[in-house]
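Asker: With the hints as extra help, turn the sequences into a complete structure.
So the protein lines, in turn, are chains E and V. Start counting at 1 in the first sequence, then tack on 1, and there's your number in the working numbering. Start counting at 1 in the second sequence, then tack on 1, and there's your number in the working numbering.
Identical copies look the same in the list; a pair holds intra-copy or inter-copy alike.
No more than 20 Å apart at the CA atoms, straight line, and that leaves these computed lysine to aspartate or glutamate pairs for EDC-like:
| # | residue 1 | residue 2 |
| --- | --- | --- |
| 1 | Lys474 | Asp534 |
| 2 | Lys472 | Asp449 |
| 3 | Lys386 | Glu427 |
| 4 | Lys255 | Asp551 |
| 5 | Lys156 | Glu548 |
In case anyone wonders, no lab produced these hints; they're calculated from the structure.
Number of protein chains: 2
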Amino acid sequence: MKNTKPLSDIEIAQQVQLRRISTIAEKMGLDPEEIEMYGNYKAKLPLSLIDKDKVKNGNLILVSAISPTPAGEGKTTVSIGLSEALNRLGKKTTVVLREPSLGPVFGIKGGATGGGFSQVLPMEDINLHFTGDFSAIEKAHNLLAALIDNNLQSKTNNLGLDARTISLKRVMDVNDRALRNIVIGLGGTGSGIPRESGFDITAASEIMAILCLSEDLDDLKRRLGNIFVGYTFDKQPVYARDLNAEGAMTALLKDAIKPNLVQTIEGNPAIIHLGPFANIAQGTNSVIATRMGMSFSDYTVTEAGFGFDLGAEKFFNIKCQSAGLSPKAVVITTTIRALKYHGGAALNTLTVPNVEALVNGLPNLEKHLENAKLYGVTPVIAINKFLTDSDEEIAVIKELAGRLGVKVAMAEGWAKGGEGALELAEKVIEVVEKSQSSFKPLYRWSSDVVTKIETIAKNIYGAANVEFSPKAKRDLKTISDLGLEGLPICIAKTQKSLSDDPKLLGRPTGFTLNVREIEIAAGAGFLIPITGDMMRMPGLPAHPASERIDISAEGNISGLI
Amino acid sequence: MKNTKPLSDIEIAQQVQLRRISTIAEKMGLDPEEIEMYGNYKAKLPLSLIDKDKVKNGNLILVSAISPTPAGEGKTTVSIGLSEALNRLGKKTTVVLREPSLGPVFGIKGGATGGGFSQVLPMEDINLHFTGDFSAIEKAHNLLAALIDNNLQSKTNNLGLDARTISLKRVMDVNDRALRNIVIGLGGTGSGIPRESGFDITAASEIMAILCLSEDLDDLKRRLGNIFVGYTFDKQPVYARDLNAEGAMTALLKDAIKPNLVQTIEGNPAIIHLGPFANIAQGTNSVIATRMGMSFSDYTVTEAGFGFDLGAEKFFNIKCQSAGLSPKAVVITTTIRALKYHGGAALNTLTVPNVEALVNGLPNLEKHLENAKLYGVTPVIAINKFLTDSDEEIAVIKELAGRLGVKVAMAEGWAKGGEGALELAEKVIEVVEKSQSSFKPLYRWSSDVVTKIETIAKNIYGAANVEFSPKAKRDLKTISDLGLEGLPICIAKTQKSLSDDPKLLGRPTGFTLNVREIEIAAGAGFLIPITGDMMRMPGLPAHPASERIDISAEGNISGLI
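Answerer: Set out below in structure tokens:
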């Protein structure tokens with residue numbers, strides 16, 4: 002009898018005969034001498050390979066999603082499948098993705114290299130350390146933190162920093178809730194000044210955000226120097242540059258700034274580079290990586306999540322405006338299970354056909370489609386197919402798409418690789434070739450901070466109004482004092498809802514967005530209004546994924562998801 | 002007028018035309034396809050390249066030193082120079098070194114890639130991140146720490162661990178004294194169980210020691226599983242394996258276990274791999290790296306420090322016994338400045354000729370020479386030449402060597418590269434070819450713990466006796482309860498003195514060695530009697546080296562030392 006249990010992602014990945022990365026480079030038109038190999042299947046791409054003309058004239062496709070369930074809706078899988086399909090259709094395409102964060106690999110979520118027959122490889126390496134980018138960020142960040150604490154006790158060059166005002170925590174790419182809130186500097190005069198602090202996960206580091214927006218080493222150094230550290234006792238702002246930290250920090254990041262080249266299951270190039278969380282930072286890969294992909298492609302597929310409201314909103318207003326990018330289409334990844342969830346079905350019933358719940362959940366998709374149009378970019382719905390989806394349910398979504406005049410296609414990359422995303426690719430090509438998009442930002446950076454926040458809250462989230470806590474109001478004053486009102490907005494919000502309340506599913510209206518505080522990412526160059534209870538350091542579950550991960554004597558890893 | 006300011010290490014390094022690492026591999030007799038490249042100038046060597054016959058029949062030379070001044074006496078520089086010279090004399094030689102720790106690069110000490118014209122390259126990369134080995138160790142260590150804290154609050158698989166007995170701290174490769182003593186788990190029920198803890202520097206991680214002693218992935222996994230975590234409330238020991246941590250930890254270390262190949266200034270192969278501190282762990286590179294070097298060489302030069310009492314003692318009793326290695330000669334790196342320091346000269350006067358102080362300091366050298374002979378290994382004195390050494394001072398050391406019947410040679414690798422170490426190389430060859438050494442360990446692992454400690458203290462350090470604190474006595478009981486009495490001894494002691502008191506210079510006698518406590522490194526497989534005030538997390542100085550480190554727009558780093 003045939004065993005019908007589907008193969009796990011890692012089992013599929015390990016059956017693929019990997020091509021040497023030099024072969025992939027040759028396919029891109031590169032001399033293998035031009036790349037910097039990291040083992041036989043990974044490489045770093047020097048910034049000198051970016052081709053400005055190609056970037057200007059290339060077709061950039063953004064893949065985003067509806068508001069996701071906790072499991073995620075498969076943006077990465079859809080991005081990879083779409084990219085394979087575009088290559089099959091003769092469009093030279095590169096998929097440009099974020100790097101997985103190591104912490105969640107051992108927690109609940111697992112890795113982030115796609116799934117099924119739409120994966121980037123070698124998935125074990127990409128999910129574990131990869132080429133060391135996250136570690137480099139961690140070291141640069143924690144060096145700055147150590148310099149700050151060192152300065153607090155310095156006798157000869159003390160900046161007079163008021164320890165109570167220091168906002169910079171330390172970072173570590175491990176899910177470790179016990180480090181969220183800590184007291185450091187205990188143990189007597191030789192071991193620092195006692196104060197409250199904590200650790201965030203590395204993806205939440207401002208340096209991750211900075212690296213993603215930097216143009217080159219000089220721009221990186223300037224932004225690192227601009228990191229706001231806190232105030233002196235006489236209320237003067239202190240920046241990283243006041244600690245002469247930015248040179249050493251930039252030196253630590255000299256390789257992390259270079260995008261990484263790997264391959265898809267079908268042997269197409271994939272660029273994977275960095276990626277801060279979209280619920281607390283801009284949530285897309287680096288500007289440099291996007292440009293690198295466009296330098297070698299007719300079509301470049303990239304992704305921003307969680308949902309459109311977080312990832313795509315920041316992609317458009319922060320990244321595209323900052324880097325002069327102009328996307329030609331946006332794919333809204335949709336799953337039937339998530340729409341049923343938004344329509345009131347319980348999480349443990351999502352595999353059961355339920356047209357009523359699905360219909361009730363549709364307004365969430367509708368809102369994300371409307372949002373895409375606010376930026377002048379034409380959306381295409383990709384239904385990321387699950388084995389449990391019923392024909393009747395699929396028909397419901399197609400009917401909505403027809404009614405709204407939006408293109409829709411099944412995305413079966415998980416089960417079938419590029420073959421399963423041909424229809425989606427054709428529809429994307431149609432949108433691009435007919436120049437149906439004309440990207441425009443939602444707000445001007447030069448507007449005042451409150452206006453910018455309200456514009457996003459009302460237009461994208463559907464809020465009735467925005468309320469600023471007393472702390473947030475003090476922060477607005479600080480932003481004004483520091484002359485940072487012209488920065489764009491990067492709202493920290495739950496991904497589970499269009500609102501700031503994770504329980505408001507579907508398409509909530511009439512709600513108030515509550516801004517608890519506004520963080521200043523002066524180096525990254527944006528302001529972070531924090532809404533709801535955002536966590537920057539995840540914890541581990543009762544049975545961490547690490548318990549199932551193993552490696553054989555021959556070096557074969559199992560249990561990675 | 003000629004500028005006579007000598008070039009800095011990084012300036013010399015940057016003038017060298019690097020060979021591609023594939024060229025170095027070919028020189029070793031390897032097909033470049035067999036190595037895993039990390040950029041163009043670094044590579045990882047798969048364990049399958051180890052040749053057991055070559056290891057058995059090769060000539061292993063250990064470079065150690067007298068008790069050093071805070072600046073270090075140049076073991077690495079001497080090792081590299083000796084290796085270049087041996088290659089010049091037609092002996093196929095590989096130098097096998099430790100990886101620099103990142104933390105001190107930004108503190109006082111700087112990097113650890115040799116100096117002057119005896120360096121391993123690319124020094125910027127080796128000193129910053131390198132191939133990610135330290136970061137991998139950090140992640141494996143901190144994953145275990147997170148699993149422990151996660152288990153403390155687990156409702157479904159709680160091991161009943163008594164938080165007060167947990168000995169494992171977290172690690173970070175940053176000099177950050179504010180993390181030495183911290184309180185974690187604050188912030189309410191969602192954020193862990195409050196308890197005291199702290200951070201050590203990554204080189205001090207037991208996992209570093211484990212990786213250095215492991216034979217292969219399976220042995221690594223077994224040792225990781227054996228890490229002792231603490232006790233349950235009903236006094237049962239808990240190991241990492243009880244948290245099912247060792248599989249994921251080993252997966253994280255799958256590349257870190259592979260030695261790294263780089264090149265010397267003269268284009269000879271250099272293997273650089275790991276390296277725990279010798280004052281708190283075994284202080285030499287990995288067994289795998291040493292074997293890898295021997296697999297491609299007639300002569301393999303490696304180093305262990307700080308002084309012979311710490312590094313070489315552990316090299317012989319722990320590493321050589323564990324791995325079946327048998328060194329053919331030991332080079333004792335000696336500087337005139339350090340001997341003057343031991344003879345009573347102040348640190349700021351060491352560049353001034355002072356024969357009287359030098360003569361007074363000689364007993365320190367004599368003791369290290371006697372110690373080498375206790376292991377049956379013939380010592381050769383290398384005088385690491387400084388510009389300020391006087392001929393008269395050099396003559397004093399040569400006179401001592403003649404009196405003791407010990408070979409002595411100038412080591413001028415810093416100023417002249419391999420050319421400057423030819424005399425030293427000739428003397429080493431003479432010792433090896435006449436088979437003048439017959440290595441024997443100082444103690445048997447099967448002796449009882451107190452006897453083993455006393456044997457080292459009295460024979461190597463010159464102590465009159467050993468005193469165990471009440472805590473140390475309780476630890477002896479624990480070791481006995483856990484059945485770990487058969488492990489070798491890895492004494493944590495200051496490197497500044499042969500005794501446990503950093504102020505006792507020269508060759509102290511009649512002192513008591515005070516064992517404060519005895520740590521159990523059940524995974525690494527040794528016991529760590531801690532003497533004096535050992536610090537496992539360094540701090541930064543008032544003006545950290547990071548302030549002077551910079552990188553240009555083109556990526557050229559300056560200020561690294």
